[in-house]
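Visitor: Let chain C serve as the given structure and place chain L on it in line with the hints.
Chains C and L, in that order, are what the protein sequence lines are. Letter by letter, the first sequence follows residues 398 to 642 in our numbering. Letter by letter, the second sequence follows residues 398 to 642 in our numbering.
No wet-lab data here; the hints were simulated from the structure. Errors might be hidden in some of the hints.
Because identical chains share one entry, a pair is satisfied inside a single copy or across any pair of copies.
[What the hints assert, rightly or not] In silico DSBU-like links for lysine-lysine, alpha-carbon gap of 35 Å or less: (1) K618 to K525; (2) K523 to K618; (3) K544 to K412.
Number of protein chains: 2
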Amino acid sequence: MDTPHPSPLSNEVLKADTHVLAFDVFGTVVDWHGSIVREMQALYPAVDGNAFALAWRAGYQPAMQRVRSGELGWIRIDELHRIILNGLLAQFGLAHLNEAERVHLNRVWHRLDAWPDSVAGLQRLKKKFTICSLSNGNLGLLTNMAKRAGLPWDCVLSAEVFRAYKPDPYAYLGVAQVFDLPPHQVMLCAAHQDDLVGARACGLRTAYIERPMEFGAGQVKDVSPHPDNDLHAHDICALADLLGC
Amino acid sequence: MDTPHPSPLSNEVLKADTHVLAFDVFGTVVDWHGSIVREMQALYPAVDGNAFALAWRAGYQPAMQRVRSGELGWIRIDELHRIILNGLLAQFGLAHLNEAERVHLNRVWHRLDAWPDSVAGLQRLKKKFTICSLSNGNLGLLTNMAKRAGLPWDCVLSAEVFRAYKPDPYAYLGVAQVFDLPPHQVMLCAAHQDDLVGARACGLRTAYIERPMEFGAGQVKDVSPHPDNDLHAHDICALADLLGC
Chain C
398 MDTPHPSPLS
408 NEVLKADTHV
418 LAFDVFGTVV
428 DWHGSIVREM
438 QALYPAVDGN
448 AFALAWRAGY
458 QPAMQRVRSG
468 ELGWIRIDEL
478 HRIILNGLLA
488 QFGLAHLNEA
498 ERVHLNRVWH
508 RLDAWPDSVA
518 GLQRLKKKFT
528 ICSLSNGNLG
538 LLTNMAKRAG
548 LPWDCVLSAE
558 VFRAYKPDPY
568 AYLGVAQVFD
578 LPPHQVMLCA
588 AHQDDLVGAR
598 ACGLRTAYIE
608 RPMEFGAGQV
618 KDVSPHPDND
628 LHAHDICALA
638 DLLGC
Chain L
398 MDTPHPSPLS
408 NEVLKADTHV
418 LAFDVFGTVV
428 DWHGSIVREM
438 QALYPAVDGN
448 AFALAWRAGY
458 QPAMQRVRSG
468 ELGWIRIDEL
478 HRIILNGLLA
488 QFGLAHLNEA
498 ERVHLNRVWH
508 RLDAWPDSVA
518 GLQRLKKKFT
528 ICSLSNGNLG
538 LLTNMAKRAG
548 LPWDCVLSAE
558 VFRAYKPDPY
568 AYLGVAQVFD
578 LPPHQVMLCA
588 AHQDDLVGAR
598 ACGLRTAYIE
608 RPMEFGAGQV
618 KDVSPHPDND
628 LHAHDICALA
638 DLLGC
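If we strip away everything but chain C, and leave its shape as in the complex, we get (with noise of 0.2 Å):
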């Protein structure tokens, strides 16, 4: 596997050149799967915490495809995330568990946990540049998941604000216009190689942050390198190191 290295001319033009990070944050930021596994084994034990999360996450694509496409109105991922569970309780045996230990439950993506370099780095880089959420998760979520996890964003943005689901363009073009930038001035900072080629096609500046681990041990994730990306990161203190933070 070759790991790009961007020549210093080229890494200089990106340090001056770019204003905002903006930051994908379920599997980039936050480890989604081991914090719902640790959380299941807590709760439910008896529960296959790592098919119930790995089955919770499946649902997450189909369900923003419905508000995209226009067949639901406007839901937020709160919502949406009890929609995915309420069907799959049954499934998993917990088709006893009432209102509040249900209503609990699904706010476990409020609870997720950064993974180890996350506030190191995302404290590294806000000395330098305006650091943002850019996620598909609802706004009262991600405040509640920053308060927890000490995540130090300068702003807290997310397709709730825009009103569109990324890859959506309007959801990357609305931080460039948040902010008053040309696109090329925000970089996307993300763990998956869609969300960047949908921000590269709205002429945002793109890294890829390495998160293997993102599906867990059983299910471990291809991080090759994409040549499109402007830059590539093991993790996000490494990103710090590249950016020169």
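Guide: Just chain L now, with coordinates in the frame of chain C:
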């Protein structure tokens, strides 16, 4: 002037029941008048900075009213500030400013200084509550301001998110909806009684913050308590005292 002393019981109820503190920003958290006077003295010392700051701010409510009434579509405060500024330049002997100078001057609203107690008070409140802005200022303005002044918001909320300028009820109710809370678990903290009246009408709790010098030493503001507010605080540190932080 009598300062209301809420009974320990009512204060205990407020402390237990309130989850989110939403702050008005211009005048409440930052000193727009003093900041603009200081910047004008540095940039254009021949101009009467006090008169200029007051004239610029005087255009603010009428400009927003043109949006609220539907005469104008949604326009951010940055653009409204610029429209007002354009109308003042000749009157203050600044018609010679070129475009870059006008853009820079207009962004003085991104560079406002916090009142001396704001950062320390917010840091104390943040330990116990979720703290957010709820300002008619736009997201980019509020984020740049917070970064420069060190305002430790958990989340930057703005009329821009709700596409509704305060006192439109949707701005106040929008905060409660973002956090999935009933309105009475959100408290608006502001130095303006009309803002607090709007919040109270939507079921939010209210805290008045005294800012007698908001309009400068030449126009000291009445900061008498209003009995309908839940709390009345000398400044944001005093609010932290009242809320047991």
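Visitor: Within a copy, between copies, both or neither: where do K544 and K412 come within 35 Å Cα-Cα?
Guide: Answer is both: 28 Å inside a copy and 19 Å across each meet the 35 Å cutoff.
Visitor: Under a CA distance limit of 35 Å, which applies to K618 and K525: within one copy, between copies, both, or neither?
Guide: Cα proximity of K618 and K525: one copy only (31 Å, versus 39 Å across).
Visitor: I want to check one pair: K523 and K618. Are their C-alpha atoms no more than 35 Å apart within a copy, between two copies, both, or neither?
Guide: Within one copy only: 28 Å inside a chain, 38 Å across chains, cut-off 35 Å.
Checked against the numbered hints listed earlier, the structure breaks none of them; every hint is satisfied.
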